[in-house]
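Chains as they are written, first to last, in the working numbering: chain A, 1 to 487; chain B, 488 to 611.
Hints are computed from structural coordinates only; laboratory data are not their basis. The structure displayed is predicted, hence computed values, not measured ones. Even for Gly, the Cβ is constructed at its ideal location relative to N, Cα and C. Possibly wrong hints are sitting among the right ones.
Said to hold, decoys possible - Between beta-carbon pairs, the in silico distance windows are:
1) A:254 / B:532: 31 to 39 angstroms
2) A:265 / B:557: 37 to 45 angstroms
3) B:557 / A:272: 26 to 34 angstroms
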Amino acid sequence: MADGLDIDAFEANLSELAWRCDITGRLAFIAGVETQAAALRERALTTDRLDQLFSRDDPEAAPLFAALANKSAVRDLSLWSQDRRFRFRVSMTPFDRPDRGEHFLGTFSDITDYVQQSHELAELLDQHDLLHRAVQASPVSITIADATAPDLPLTFVNAAFLQTSGYDQDDVIGRNCRFLQGPETDPRATERIRRAVSRQAPIDVELVNHKKSGEAFYNHLSLCPVFTANGQLRAYLGVQRDTTRQRLAERHEHNRERLEALGRLAGGVAHEFNNLLQPALIFPDLIADALPADADAEREYLAIIKDSMQTARSIVLDILTFARGEELKTGPQVPLGPALVNIQRLLRGIMPPSIQIENHLGPDCADLSLPIAEESLKKIMINLCMNAAQAMNNVGTITIRCDKQAHRTTILVRDHGPGIPEEHRSRIFDPFFTTKPIGSGTGLGLAIVNSIVTTAGGTLDVLETGPQGTTMAVNLWSELTADEEET
Amino acid sequence: MNSVLVIDDLKAVRLSIEAALNRLGYQVKTAEDFISAQNLINETKFDLIITDILMPQVDGLTVVKWLRSNHPNIKIIAMSGGGSLASAEEALSYAIHVVDATIRKPFDADELLAVVKPVLGETV
């Protein structure tokens, strides 16, 4: 060439195919013949006509054919070959030289691979986006902890995790998820997790965790290691489900079955006893009438017998109340505030004057309607308060509080007695378990309360007990509306 | 003088009620089951029958139904031992609509009288 360029070297590095074409679109290649573009020419360019290489029907190709007709230029047009196998970037400029006449000079670049990669990348991004959205939308909690950093810090938590735990994103990212553990977490469960992590093994475990508010919940955790393509431990995936409702429902069902069986037994026993007590309630009076006028001592003995029989009758009645716990759930529901005022008045009449009853009912609780009849609430409160008074040897203050959280209403009855001894705690809800001297209690009080509460779908718990006193908690759940059930 | 028939399968229950009513001047007979009760009713005119509502063999409800069809003028008081025995509760809740009064065992003489007297139209 006239300008002295080493044209061979230039061509060897050319990634484009240069061509010339006449105004009818007939092609002649002038450069790039020795390069990859030439290889492309072998494979793709089986024609020497522009309108056979590209389709006049392809809307993308319209500017090219317009330029050919108008003798104008196009730059960087991206076009599919007619057979759709290759994507080219096309530029073309018209020339008019006296020796050659009107013609075009142009270039093709094969961008098929590049376009392919862009598509794959876009798909990958789309998939990644979908995966991210799916994980965020998941109703179960999903967490990812970085296994390459010390102490497995959380690097990702989804929305369900934040909602269940009550934490904010900033509270948890970068921390080991043991912040969910608390006083009620079974150390055996955490030890199992620790051992599984040290073996890089997956694990399924249910444990009691704590929300940011401190509230305990049952958490079913599946933890599994995530490895890189070359087998390096990269992360731990945690999938967690709040199983509290399920656990409580199971407990409720278990209690219900147990109480039902006990109720049947107690009912049968009560029936027999009522018959056995019948003569014992009538004869003492008849015998007393027949005694000589001076038989005062004997008359006294008969009075004692009748008195004992009357006590026996009231015990049988208690048993029946317990056995019929099921019936007590029906009845008009009343707002908690007025009901507790009535009950406090009633308690005042029953309790010794040395017992103070303080009712600290929060303003948000006064208007609550409980899923329980006033008559049942009365039985619950009387029994809990009698126990509280007896725990304090009938001197001191009983505090009634109420706490509302979402659908749960908790009524708390607190005394300042010496607490429930450790060895009694597991048995206090059992029918006929009593620590009171024989004759002063049937041991049915808490069993009746428990029966009423569990029948209403609630729970009765010893919230705390110790030398500073005991707090009993009655948890009742209001019905979910259809709307809330859906969410 | 009002005459009363007490029907209960338990002797101690029959005897105690008989004694209490006797003391108050009622003529009292007792029966332990439906058959002997029927025999007595055919022999004697009773003003009042106090019957247990749940007895083995023929239960009190059958007695009540038979009495209502054959002796509509005899007053009836149904007794129940209570309990959560479904059958006892069911029987009593049915009997309540067809008898003159119900009473739950156990009761003392005064409680019995408070139920018996109004049924017989006597002042308590």
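Going down the list of hints, with the structure as the test:
A C-beta distance of roughly 58 angstroms is found between residue 254 of chain A and residue 532 of chain B, which places it outside the suggested range of 31 to 39 angstroms. Taken as a hint, the range 37 to 45 angstroms holds for the pair residue 265 of chain A and residue 557 of chain B, whose Cβ atoms sit roughly 39 angstroms apart. At roughly 32 angstroms, the beta-carbon separation of residue 557 of chain B and residue 272 of chain A lies within the given 26 to 34 angstroms, and the hint holds.
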